[in-house]
Structures are given as C-alpha cells and as structure tokens.
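Turn these sequences into a full structure, and let the hints steer you where they fit.
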Amino acid sequence: MAWLITRDDAEAEDAVQEAFIKAYGALGGFRSGASFKPWLLTIVGNEARNRRRSAARRARVVLRARGEVEGSAGAAPPAGRTSEAPEAAALAGERRRAVLDALDDLAEADRLVISYRYLLEMSEAETAAALGVAPGTVKSRLSRALARLRKVVDPSLLAGAP
Amino acid sequence: MNRDPLVDALLDLAGAVEFPEVPDVRGAVRARLGARRSLLGRFFPYERRPVAFAAAVVVVVAVASGLLFASPGIRRAVADFLGLPGVRVEFGADAPTPAPSEDDVDAVFGRRVSVGEAEDAVSFPLPLPAGVAGDPAAFLPGKGAVALGYPASADLPEIESTGYGVIVVALPDFPPERYFGKLLAGKNPIFDEVEVDGRRGFWARAGVHTLSFDGRLRSSGNALLWEAGGITFRVETALGLARTLSIAESIPDG
Numbered sequence: 001m002a003w004l005i006t007r008d009d010a011e012a013e014d015a016v017q018e019a020f021i022k023a024y025g026a027l028g029g030f031r032s033g034a035s036f037k038p039w040l041l042t043i044v045g046n047e048a049r050n051r052r053r054s055a056a057r058r059a060r061v062v063l064r065a066r067g068e069v070e071g072s073a074g075a076a077p078p079a080g081r082t083s084e085a086p087e088a089a090a091l092a093g094e095r096r097r098a099v100l101d102a103l104d105d106l107a108e109a110d111r112l113v114i115s116y117r118y119l120l121e122m123s124e125a126e127t128a129a130a131l132g133v134a135p136g137t138v139k140s141r142l143s144r145a146l147a148r149l150r151k152v153v154d155p156s157l158l159a160g161a162p
Numbered sequence: 001m002n003r004d005p006l007v008d009a010l011l012d013l014a015g016a017v018e019f020p021e022v023p024d025v026r027g028a029v030r031a032r033l034g035a036r037r038s039l040l041g042r043f044f045p046y047e048r049r050p051v052a053f054a055a056a057v058v059v060v061v062a063v064a065s066g067l068l069f070a071s072p073g074i075r076r077a078v079a080d081f082l083g084l085p086g087v088r089v090e091f092g093a094d095a096p097t098p099a100p101s102e103d104d105v106d107a108v109f110g111r112r113v114s115v116g117e118a119e120d121a122v123s124f125p126l127p128l129p130a131g132v133a134g135d136p137a138a139f140l141p142g143k144g145a146v147a148l149g150y151p152a153s154a155d156l157p158e159i160e161s162t163g164y165g166v167i168v169v170a171l172p173d174f175p176p177e178r179y180f181g182k183l184l185a186g187k188n189p190i191f192d193e194v195e196v197d198g199r200r201g202f203w204a205r206a207g208v209h210t211l212s213f214d215g216r217l218r219s220s221g222n223a224l225l226w227e228a229g230g231i232t233f234r235v236e237t238a239l240g241l242a243r244t245l246s247i248a249e250s251i252p253d254g
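Going down the list, the protein sequences come from chains Y and Z. Sequential numbering of the first sequence, starting at 1, is according to my numbering. Sequential numbering of the second sequence, starting at 1, is according to my numbering.
Mixed in with the good hints, there may be bad ones.
Said to hold, decoys possible - Now the stretches of chain Y that chain Z is said to cover, found in silico as 3 or more residues with beta-carbon under 8 Å: (1) 93-99; (2) 121-134; (3) 140-153.
To be verified - Beyond 12 Å from chain Y on every Cβ pair, some chain Z residues (computed): (4) Arg111; (5) Glu117; (6) Ala133.
Claimed, not checked - Pair by pair, the computed Cβ-Cβ distance ranges are: (7) Glu94/Y x Asp155/Z: 29 to 35 Å; (8) Pro135/Y x Asp253/Z: 52 to 58 Å; (9) Asp135/Z x Ala125/Y: 47 to 53 Å; (10) Glu158/Z x Ser123/Y: 50 to 56 Å; (11) Phe19/Z x Ala125/Y: 17 to 23 Å; (12) Lys151/Y x Gly134/Z: 35 to 41 Å; (13) Glu94/Y x Glu158/Z: 50 to 56 Å; (14) Glu94/Y x Glu21/Z: 57 to 63 Å; (15) Val113/Z x Trp39/Y: 50 to 56 Å; (16) Arg26/Z x Glu94/Y: 36 to 42 Å; (17) Thr137/Y x Val22/Z: 23 to 29 Å; (18) Trp39/Y x Gly163/Z: 42 to 48 Å; (19) Arg3/Z x Arg49/Y: 33 to 39 Å.
Simulated from the structure, these hints should not be mistaken for laboratory data. Quantities reported herein were computed from a predicted structural model and do not represent experimental measurements. Virtual Cβ for every residue (Gly too), placed ideally from N, Cα, C.
As structure tokens, then:
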C-alpha cells in the first residue's frame, strides 16, 4: 500500500517503519473495540503521502512475468489460476497490459482507490482509512474512478475478461 | 462472479501484478524505538519527536552557523549534539544540486587504488561489509579516510547514477574544529536518530541532502552515519533503513 503511494521502494519501507513507530507511540489513543487494521492503515497512508517524490522518479507497476504480458506460451499464470492456452494467454496478457497502463495514467486519487479495492483487495473501510477519507466517500470515488478508467480502456479487450 | 468486465479485468490483474518484495522492518523498528526512547524521551513528547528533533537540529545549527568559524566551543557543541566527528551538517533554504559534470562519485572520492593499497594506507581495518558480495572499488579521499564502492546489482539498486549500490566511507576521528565532509540539507531535512549495532547513529534520506567533500558536491543517496572506535562511518545506499542497517551492522567492529 505504501509503495503504491510513493512508487519508491526505499520511501515505502521508511514510511512503513515510521508508521509503526508512530502507531506504537499512539497506542494509548487507540479506541478499545475499534478495528486495528484501518487505524494502522491511516497512519501508513499519512506517512507514505508525506514521503511522495516527484512524478518523474516514480516506478511503474509491472506485471509478474514479461512472457505473460507478451502472451508467450508456458509463462506462469497469475496465482490461483490454471494455465492458459497460448492464444488465450496472449489476449490475457494484452488485456492486463492495457488495463495496467490505463490505470497508471489515471490521476492519483483514481488510481489509488481502484488499486486498493481491486489490486490489494482491501475492504471499503480499509480503503477509506488508507485514503484518509470517510467510509461513505469510497463508493462514490470508486464509481467515478471506474468511469474514467472505462473511457480509456478498449472495450474489445475486456470482452474476454475472466 | 462480477458482471462488470472492467472489474473482472481488474481482479484478474491483481494476480498478475508484481509488487516489490515486502521488507522485514521489525528489527529496524525495534532499534529505532529503543533509540528514541532512550535519547529523545527526555526532551520531547513522543508524538512530536521527529518534527521536534529536526526543528531542534535546525535551530541549533542555524544559531551556530554564523559562529562556526569563530567559536570552537560552539562547533564542539554542535558536533557533540550530532555525535558525528568529521561530519558537519548545514541546513539551508535548498540543498544545492550539483552540475552533471560535478556529480561524479569517483572524482568526489579521490584517488582510486587497489583494495590492498587502501588497506596499507589507512590506520584501521577496511570497513568491508560482510553483507555485501563482490569486490569494491577503493578510493583514498585524503586525511586518512577510505571510501569503498560496491557496484549496483539486482539486489543493490544504483545510488543516484553513480554505478554503485553501496558506498562505505570511514573517516578517522577529527578534532571538533575540523571536518571532513558536509551534508547540505534542504528546507525540510529528515534526520532520524537510529541505533547502529548499539551505537547512536543518524539516517539521512536522499532528496533532502547533498554531500560536499572538499568543496566538491554530489547528490547523495540514503545515508546512515555513526561513530565507533574513533571512526565515523557512512554507508550510502538506495535502499531503505532496514537493509542499510543490516549492511552497516555487517561491518566488522563498525
């Protein structure tokens, strides 16, 4: 999560360290019975945002295997999936590349809400905490972000999505 | 099954994305918590420590900066406060950016020699980190110091276009009125106080400081500084604190 904000390994690592240290210091203020993970994610999100660097230096998200992106047969499928036939693998690779590129080109607010919900599979409460917004804001922000993503992804590529 | 093909494509993408390996930060967090509790707890309430510590350093050095050359007493006080003999930290409006022609790590670190020659030239064991594989390039910057550069690799990302993944510098102890190198920090410097093998150290993040050695500037990566046995050590990487600490702590007697 911190890496998605900073796009820099060292900055993300430092953000997480600092967040743990701050969380340790703030444990006394943690409400008994509250959910710990969103509370911690709020701190990590704040730290990571404080450490963001200029856009020119940010690393891009990459796919797991180059061969998979290019659709070569025999490349490892994503975790939990069965292997794909060469033609299907090529199409899937093209679709993943296109969706990833489109996602990367979105404004940060849109990119993060989609990434948290679908790439990291965080709940709405966790996403709200990580973004530093009210839980009710996540749904509307996600809906707008998906609409913007939909505009830039070729619909024909989505036809074969699993 | 989700019926929105875009959401389906995103969920499919989740399994195919390569995120960086998650580093184990437990040791570094424990070390930093221990160091902060022991060194800063006397002065600042916990939640204000990082900001208050940086602010305190800025105030101390800003007040002292005009008098540094005139008053060895003040200089000693600043050196004592930072605990880094041979290193001076200056805070200003903006950390200077070296011209591309200046930003040459080999030139900054002086005469290149063989590891054997470096070993013979200095009065202490070479600071060779056991945690880094391969042979380093060795330099003798003068004043009894040594610099070792380990080439960047898949495990060691390159530091600011230097070609190196780890740069270790060992500075022999200096009297307070002399210094070896300067860290020129920007407006919002972040110097975290850390513990390196049980000793007080400082972590200066890249992007907030430039290294000046003998009047020559270069952009600095992340740098860990500490003093042990009369030697000030500086380990520079493009890694986070946890991995840099692990490299630093693999230097024998470092």
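We went through each hint and held it up to the structure:
no.: 1; hint: 93-99; in the structure: holds (count 3)
no.: 2; hint: 121-134; in the structure: violated (count 1)
no.: 3; hint: 140-153; in the structure: holds (count 4)
no.: 4; hint: Arg111; in the structure: holds, 30 Å
no.: 5; hint: Glu117; in the structure: holds, 33 Å
no.: 6; hint: Ala133; in the structure: holds, 20 Å
no.: 7; hint: Glu94/Y x Asp155/Z: 29 to 35 Å; in the structure: holds, 32 Å
no.: 8; hint: Pro135/Y x Asp253/Z: 52 to 58 Å; in the structure: holds, 53 Å
no.: 9; hint: Asp135/Z x Ala125/Y: 47 to 53 Å; in the structure: holds, 52 Å
no.: 10; hint: Glu158/Z x Ser123/Y: 50 to 56 Å; in the structure: violated, 38 Å
no.: 11; hint: Phe19/Z x Ala125/Y: 17 to 23 Å; in the structure: holds, 22 Å
no.: 12; hint: Lys151/Y x Gly134/Z: 35 to 41 Å; in the structure: violated, 49 Å
no.: 13; hint: Glu94/Y x Glu158/Z: 50 to 56 Å; in the structure: violated, 32 Å
no.: 14; hint: Glu94/Y x Glu21/Z: 57 to 63 Å; in the structure: violated, 27 Å
no.: 15; hint: Val113/Z x Trp39/Y: 50 to 56 Å; in the structure: holds, 54 Å
no.: 16; hint: Arg26/Z x Glu94/Y: 36 to 42 Å; in the structure: holds, 41 Å
no.: 17; hint: Thr137/Y x Val22/Z: 23 to 29 Å; in the structure: holds, 28 Å
no.: 18; hint: Trp39/Y x Gly163/Z: 42 to 48 Å; in the structure: holds, 43 Å
no.: 19; hint: Arg3/Z x Arg49/Y: 33 to 39 Å; in the structure: holds, 34 Å
Of the numbered hints given earlier, the model fails hints 2, 10, 12, 13 and 14; all others are met.
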